[in-house]
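> Below, each chain spelled out in residue letters.
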Amino acid sequence: MSATTTEASTTKTSRRRRKKKPFRLLTRRDMVVVGLLLGIPAAIHVFFVWLPALLSIVLSFSRWNGIGGVGNIDWIGTTNYHQIATIYPPFWPAVRHNLIWLGVFILIATPIGMYLAVQMDKEIKGTRFYQSAIYLPVVLSLALVGFIWTLIYSPDEGLINNLIGKTGQGNLIDWLGNPHLNLWAILIAASWRHIGYIMVLYLAGLKGVDPTLKEAAAIDGASSRQAFFRVVFPVLKPINIVILVVTVIESLRAFDIVYVINKGTNGLELLSILVTNNIIGEASRIGYGSAIAVILLIISLGIIIPYLFRTFRKDEAAL
Amino acid sequence: MTTFAQRRAEKRRQSEASGVEGRRLGLRIFLTITALVWLLPLLWAVYTSLRPYADTARLGYVSIGGTYNLSNYATAWSQADLPHYYINTLIITVPGVIITLLLASMAAFALSRFSFRFNIALLMLFTAGNLLPQQVIITPLYRMFLAIPLPHWLSDTGLMFDSYFGIITIHVAFQMGFCVFVLSNYMKTLPKDLTEAAFVDGASVWRQYRSVVMPLSRPPLAALATLEFTWIYNDFFWAIVLVQTGTKRPITSALNNLKGLFFTDNNLIAAGAILAAIPTLIVFILLQRHFVKGLTLGSTKG
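First to last, the sequence lines map onto chains D and G. Counting along the first sequence from 1, when you hit position 125 you're at 125 in our numbering, and nothing is skipped either side. Counting along the second sequence from 1, when you hit position 239 you're at 558 in our numbering, and nothing is skipped either side.
Mixed in with the good hints there might be a few duds.
Each computed DSBU-like pair below joins lysine-lysine, with the alpha-carbon atoms no more than 35 Å apart [claimed, not checked]:
hint, chain 1, residue 1, chain 2, residue 2
1, G, K507, D, K237
2, D, K237, D, K214
3, D, K122, G, K612
4, G, K507, D, K214
5, D, K122, D, K237
6, D, K237, G, K511
7, G, K507, G, K578
8, D, K207, G, K612
9, D, K237, D, K125
10, G, K612, G, K511
11, D, K237, G, K612
12, D, K125, D, K263
13, G, K612, D, K166
14, D, K237, D, K166
15, D, K122, D, K263
16, G, K507, D, K263
17, G, K612, D, K263
18, D, K207, D, K122
19, D, K237, D, K207
20, G, K507, D, K207
21, D, K166, D, K263
22, D, K125, G, K612
23, G, K507, D, K122
24, D, K214, G, K612
25, D, K207, G, K511
Far from chain G by the CB rule (all over 10 Å, computed), these chain D residues [stated by the list, open to error]:
hint, residue
26, V33
27, T79
28, L213
29, G221
30, A227
31, G267
Derived from the structure by calculation, the hints contain no laboratory data. We put the beta carbon where it would ideally sit given N, CA and C, even for glycine.
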């Protein structure tokens, strides 16, 4: 207590020192409290998220069908990875589908979301209605999106086939059943939601742009397109990075919508589905599932880690 | 000479003005069409759900006429036992959101108001944890849930697996990362003097958290509560894998039963889908501001 009263009357320089080393001034009780405030959440998060992530790596080198204790695990080195790449039929299709998913999201859905955000930012009349309509699907689960679009794609009862008159036995288009079509049909449904998500994120970024920047560009004779690409877009680099991260992660996470349609078979295989099939599917192959999970982990860390270092570098400098 | 230049400048200004107006009109037409296309899937589901199966079978799905009523909703409600699944969702979502925010705010407070050697590393760990695809951790998590025993008053299976406690736990652990990230960013912006003043007055660390920082953090907490409610409500994956008993599943993952139950009756599926969407649509209508703020709080940093 006496320490705190002297503290109150100290000069600025020592105050700065105090910020750096606050623990000296905390009572033992307070230190325990700080420890618990941070320790309990951190322990839960590490135990249920990071420990399993590490165990995925460990188990990917094993053969275990889950029956019997941990003692029944055979350690087989990189055999799982080798087998997945060579003799596991759904693996390469799943990789291809994930890449197509990512490609469509990055090259089509995300730019559309950005474009719509730029249009909304012009604050024309009725912009609130337009925004609400486009962002509405964002609150729906992807599982539900799958159900809603089933009503559109259904071969004989769906909206599209009824509109274009392809409901007969001879000319029926099976949007979700045809393995050459279904991935694209699903991607339209998934983009329906993703575009709204990107629009909301990007619009927030655009609102933060200093309007004088655009005015200055306009005075210098830049067209609105030039002003966007040369001035606004570079300023929005932080949000562009967030959007890239979100898009990649969402493409890797894709699961629900495909599972609802046909459990991720027949043209809709995805890495996330293969992981899940190896634990709750017909055969429990924990090593296989883990190895595919590790592939997902490596791809996601490839984007997460650079993002983190970029985001927290400034904080590090500030401390 | 000057008059000519003036006239030309005048002319250009006029044409630019009308060009802007023309473009604005074009933009409005474009956006109106886009918005309607965007609403179409949902409106189509609503339209289909209002018509009896017999009428659509007779007249075709793309048609008007016949009767319009709520009988599909009544059937879906009772046959699929939807009230039961809404309650399951409630049992999972409400504690899930509250505990997530409580724990995340505790960690964010400690990380943003005190400096340790590992501050940044821990923040990175929380943030990265939330970005991992769920499938990366599911295989070991599934085995862990089967291996961790729980007292029977917490879980009727005696395990983390297939229990409400287990599913709430994974939601809390997983969602916490995002909330810690957002809340610590917010708490860092609160003036240092506030807690220092409390500190000088002899307030304990707990009091600083409880009575100074938490009341001031209401805006991001409201935004995060809205967002987390929607996310946990919308969860499909955790419940499909970690809850085995169909009748214990929350409504979003129980929708899968609906498909098997109603099979070819798209009208009933439409009604069931709309019913399942209603809580999130209420969030959309009433709490849109908080939801959008929650989304953007996590992205406009840096």
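> For each hint, tell me whether it holds in the structure or not.
Cross-check of the supplied hints:
{"no.": "1", "hint": "G/K507 <-> D/K237", "result": "22 Å, holds"}
{"no.": "2", "hint": "D/K237 <-> D/K214", "result": "16 Å, holds"}
{"no.": "3", "hint": "D/K122 <-> G/K612", "result": "20 Å, holds"}
{"no.": "4", "hint": "G/K507 <-> D/K214", "result": "31 Å, holds"}
{"no.": "5", "hint": "D/K122 <-> D/K237", "result": "20 Å, holds"}
{"no.": "6", "hint": "D/K237 <-> G/K511", "result": "29 Å, holds"}
{"no.": "7", "hint": "G/K507 <-> G/K578", "result": "48 Å, violated"}
{"no.": "8", "hint": "D/K207 <-> G/K612", "result": "13 Å, holds"}
{"no.": "9", "hint": "D/K237 <-> D/K125", "result": "29 Å, holds"}
{"no.": "10", "hint": "G/K612 <-> G/K511", "result": "24 Å, holds"}
{"no.": "11", "hint": "D/K237 <-> G/K612", "result": "20 Å, holds"}
{"no.": "12", "hint": "D/K125 <-> D/K263", "result": "44 Å, violated"}
{"no.": "13", "hint": "G/K612 <-> D/K166", "result": "44 Å, violated"}
{"no.": "14", "hint": "D/K237 <-> D/K166", "result": "46 Å, violated"}
{"no.": "15", "hint": "D/K122 <-> D/K263", "result": "42 Å, violated"}
{"no.": "16", "hint": "G/K507 <-> D/K263", "result": "44 Å, violated"}
{"no.": "17", "hint": "G/K612 <-> D/K263", "result": "34 Å, holds"}
{"no.": "18", "hint": "D/K207 <-> D/K122", "result": "10 Å, holds"}
{"no.": "19", "hint": "D/K237 <-> D/K207", "result": "14 Å, holds"}
{"no.": "20", "hint": "G/K507 <-> D/K207", "result": "22 Å, holds"}
{"no.": "21", "hint": "D/K166 <-> D/K263", "result": "26 Å, holds"}
{"no.": "22", "hint": "D/K125 <-> G/K612", "result": "22 Å, holds"}
{"no.": "23", "hint": "G/K507 <-> D/K122", "result": "32 Å, holds"}
{"no.": "24", "hint": "D/K214 <-> G/K612", "result": "25 Å, holds"}
{"no.": "25", "hint": "D/K207 <-> G/K511", "result": "28 Å, holds"}
{"no.": "26", "hint": "V33", "result": "5 Å, violated"}
{"no.": "27", "hint": "T79", "result": "17 Å, holds"}
{"no.": "28", "hint": "L213", "result": "17 Å, holds"}
{"no.": "29", "hint": "G221", "result": "12 Å, holds"}
{"no.": "30", "hint": "A227", "result": "14 Å, holds"}
{"no.": "31", "hint": "G267", "result": "19 Å, holds"}
The structure fails hints 7, 12, 13, 14, 15, 16, 26 (numbered hints given earlier, in ascending order).
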